[in-house]
Structure formats: C-alpha cells, structure tokens
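Here is what each chain is made of, one letter per residue.
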Amino acid sequence: MAGSAQPRTMFEKIWANHIVVDRPDGYTLLYVDRHLIHDGSYFAFQRLKSRNIKLRRPDLSFGTPDHYMPTDTRRKEDITNPNSRRMVTSLAIHGAETGVTVFDIGDRRNGIVHVVGPEQGITLPGITLVCGDSHTSTHGAFGCLAFGIGSSEVTHVMATQCLWQKKPKTMRITVDGHLGKGITGKDVILAIIAKIGAAGGTGYVLEYAGSAIRGLSMEGRMTLCNMSIEGGGRAGMIAPDDATYQFVAGRPYAPKGAEWDAALARWQALPTEDGAVFDREVTLNGPDIAPMVTFGTSPEDAVAVDGVVPDPAAATDVVKREGLTRALQYMGLRPGTPIGDISVDRVFIGSCTNSRIEDIRAAAAIAKGRKAVVPSWIVPGSGIIKEQAEAEGLDRIFKDAGFEWREAGCSMCLGMNGEIGRPEERIASTSNRNFVGRQGKGVRTHLVSPAMAAAAAVTGRFTDVRRLLD
Amino acid sequence: MQKFTTLKGVAAPLNMINVDTDMIIPKNYLKTIKRTGLGKHLFAEMRFDEQGREKPDFVLNKGPYRGATILVAGQNFGCGSSREHAPWALLDFGIRCVIAPSFADIFFNNTFKNGILPIALPEARVNELLRFLLELPGAEITIDLPAQTVTGPDGKVDTFEIDAFRKHCMINGLDEIGLTLEKAAAIATYESRIAKERSWV
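Those protein sequences? They're chains W and B, same order as listed. Note that our numbering numbers the first sequence so that position 373 is 382, with each residue one more than the last. Note that our numbering numbers the second sequence so that position 40 is 176, with each residue one more than the last.
Bear in mind the hints are in silico, worked out from the structure with no lab data behind them. The beta-carbon is built from N, C-alpha and C at its ideal position, and this holds for glycine as well. Heads up, some of the hints might be wrong.
[Claimed, not checked] So, partial list: chain W residues that the calculated Cβ filter (under 10 Å) puts toward chain B:
hint: 1; residue: L133
hint: 2; residue: K175
hint: 3; residue: G284
hint: 4; residue: F287
From just these sequences and the hints, can you work out the full model?
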C-alpha cells in the first residue's frame, strides 16, 4: 500500500476511521465518538423513551444545560417560564435515567456545551463529535470532525451511536501572514464569511490552514471554527499541533499515561498531507484583515471598522438589493454611514463563539481603567472560566468599569432564556448571528470581537480597538 | 412520519434569500415542550405586528396563499439553527414542500425527517416560479415524488434530484432508526475493533 496511496486530507482520514457500513447508494453509517447534549435535547430523550429504545452508549454522551438557563441565577426554580424550567431540570433526570454524565446547574463544570466539551477534554483530535446544535462546528478546532444535527438525528445517535451521512465536499481556506495588532479569530472568520458568503460553504467541510491560522490560540481557533456554520459549512477543522496537545493534556476526560502516548502518535498523523486535493480552495491575506463589524442581518454583511455601510443600489442582483434594503431598514442604518459613527445602546460579551478566558482577558484589557457608557454584560462560557477570570481579578476590572459580571450560559446570544434586548435597541455582540429578531424582537445586532465589544462599551460607538491598545 | 407521494397545492412565493431559522420560527416561541402548535407562529415577526395583528403585506396573510402547502423561496433557505422547530412550524402550518435554489445543510436534513420535501431547482426557474405565483395568487404546483417532477402553474415540468434512500423513506414514511438498528451487529463489530485500536476514544 505504501507509496501508492493518494495524499489524503485530514477530513478524509477521520471519515475513513469512522465507517461502520458503506452502502452502494453512497451513504455511510458513520460512528459517533462523542455526543454532547443540552437542555434542548429534551425532545430526543422523550422520543427515545416513547419508543422504548435504550440509549446505546451513555459513556460517550455528556450533557450540560445552557440554552434555557438565565445567567443572573444558579437556581433552576428561578426560571419563570414553566416549559423552560422543565427542559433545564429534565436534563439531569434524563441523565440519571440513561447513565449520561450531566454537568448540571450548580456544578462548576456547567456551562455552554461548546465550551464545556473542550474544557473537560471530551473533545479530542481525530474523533467524530455531534450535538443537537449548529455551533458544534466549534470542536473542529481540535482536528476532529464535529457537526450539528437536528432533534431527529440526536434521537438516532442516542439509539445507535451512528449517523447515515453522505460524504461532503472539502474546502480549504488558507490565511497566510501575520494578523495585525488587535485582530482576533472573530475578525478572521467574519472576513472569511464576507468573502465566501453565508451559503459559500454549503455542502463542504471547511479546513482552515495557513500561518495566520496556526498562529491563533486554541480559543481563537474555536471562535473561527464555531462560525463555520455562518458561512454555510457544517463543519470546520484545523490540524492539531503542539498548541492543541498542550490544551488537551491533563484535562479530566483526556487520555493519560500510555494511552496519551498512543493517542498522540495517532493525532500527529492526522494533518492533511502535501498534495492532497480539496474540492475548492479559498485564500485570504492575513495582514489585510481589520477589526470587523456586521451592519446587516446576515453574518456575510460584515465590513472593516473603518469602512462604511454599503449602498444596496450597488448590488447587481435584484434579490440581493431588496434583501440589503430590507436589512438596512431593520437595522436603522443609511448607506454611506461610517461604521465608526454608529452608536450602540448595549453590549453583550459571551456565547459559544466568544466566552472563553482569552476572550474575557481581551475585553478586560480594554475595560481596565475605563467606564462603560452603555449597559454591558460579560457572560463567561462556564463556571470554571468564571472562577479562573475571578482568580485573575478580571471580574474586579469589569465591575470597576461598570460592566455586569454574570453566571455562565448562552444568555443573550439567542434570547431563549428571557435575556433579550428591546425593540430597536442596538447591540454590539460577540455572538454569532445577527438575524432579524435573534436577540429579541426588533433588536439590532452587530457582531464583533470581544475587544471591539468592550471598545464599544467604553466609547458608546464602534471604535477601532487598535486605537485603544497601548 | 407522514408519507409523501404526490402533492398538488397552492404555492406561496417568499421572494427572499437567506431565510433563516429564526425567521421561520422566532425563538420566543421555542419555549414549548410540544412539537405541534407552532404553525400559528410560523414567520411570526414578518407575519404579525406588535399587537399580534396580521401584516397585510406578508404573503401568507394574503387571500389564497393562506392555504399554501408549498413554499417557493430564494437561495440558502433554512440557514441558521439546527433546532427542528423550523420544520415542525412549517409542517404544522401545512407546508409539505419547499422549493428553492439551495438549502442550508442541517435544515435540509431535518426536513426529510419530518415529511417535508425540499426541492432544489435552478435559480432561473425558481425566479420564474416566483413571478408566476406573484401574478397569479392561488396558482398551484404539482409535486410527483415517485416521478421526481415539479409541474409549475405554466404547465412546465421540471425534474429534481433526490437520493434513492431519502426518496424511499419519504414515500414509505419510514424513519431511519428502525433501519439502523438492523445494523446492530456491524456497529458492535466496529466498537470492539476501535476498543483495541483507539482505546482512549
């Protein structure tokens, strides 16, 4: 075999390692190594129960309530909506019934599912990982194949630990060169989506490569992979390297001792080989990327902070022109307005995109010694991150600067927990979607990095964070 | 799951690209523990004003479109969340088929599991259908899944692609869990091999 084999992509290697059955019609029964579960998985547990099917591998399934839990309390009985309360409380009950490990509210390990997985060492290179949430693409930052599934497929995984899949196409997005001061994974992914479009990655697994990507921390890589879905890609991945192994080593569910050595040897053979062919290649120049801000109601509507709101009249396609006109109307923006002239009413720093320790440090670096001039929330991604930030004194910096320091959870990213904005309120948000009504009816969401969000908090408008950095 | 064979029904034109799952069913209606009853909130923000009154301009509030069973829309339909509330809301309203130039991957998968047929047609033809439907409110489209055809109000017949497995499941109302459980032996063999090869997994 040696010598005759075609060079393979990392995706192809992981795919090949997880084939249970290959069917002649092009479907593969793919094995799922890790299944992450959250409070929204209520329906799947119910369906499994109603069909009297046993959950096949509780030892490979891990749960944490996040979506429906408010972040001003750690008491489930404080959840005012009875259905939301039921979904949050049911997870631990379903976990106990099925044997699934649950990091429940009150446990310091509880938090946003896509923060908890990597933090606990559940997420590992080379594995397949699924979760009933589109931002499961986050975990691909570790060089694994991770994608979001719907409730029917969650039930299927619970019952069989497998999924029928057709092999997706592959796209490599290469970003080379040094990123400028203050430029983060968030700016890189917004620049990528602005380039390829919100449907650009549909049907593809994305691999991010190049020196700018390798230079990102694991937190930055997670932010990048997290928003693959906003570019249409179900999964995004980055080759594991020393930064990956350092992050994973010693975590509670990561392999140890001889198993670690064996795992590491396998992981080091994962990266895409020279000469491997992707179905599509896209390149960006790292040094060209500026702090990004979205202006519309699709994540592809992103421009540099020193840019202006574009004119829909310039769009060649009539549907796009109408869409952009509608978006600017919703956002209350006029074409040609400099991004720096847009004032904000509120700031949200958190979500599975940007709630990790590095994100919180970046926001704190801007907040330090300044004052928030609009209501601003910091929502850490997990109880452990909250503790770590407090140990570093970051909570004090935020409190002194007038920010609100909250408990872990999804919070205002999706407003399913009562934490929403008011109609026409303009929010600088580190979350992942600026859809109409995402953060509450009529709310105007602008997606930015944590440092840019903190800069907006202390200046009341979109401010180029590079000007606030020493 | 409801079977899907043929469908002749009123088609509603939704002339927008990137119709996302938050538009299809805004999240304030997701605090439900039932899969039914979401139809009355379908497209809620576009369909109703602050007071909960119907917005007269929205397509599903206009005359014959109210009874639509087919939706025709722009590219990247269903982008956003993996939550199955989006197909549940469409189905509960009565939509059994969505025609668009392209769909977001997760939503596309989710529709099949809920007896809704997503049909991708070339953008030029979708735009043509949108024009017909706007000019002729109440015009019908006919879907024949066994034959894989869409017959427009103009009588023009388009064929569409669907893989054989999904087609079989739709026509017979099968869900995959039962089929996969028949592969239990293969799954067990895989598991015992991996337990040796990659014990840390």
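Here is what the structure says about each hint:
no., hint, verdict
1, L133, "7 Å, holds"
2, K175, "7 Å, holds"
3, G284, "26 Å, violated"
4, F287, "18 Å, violated"
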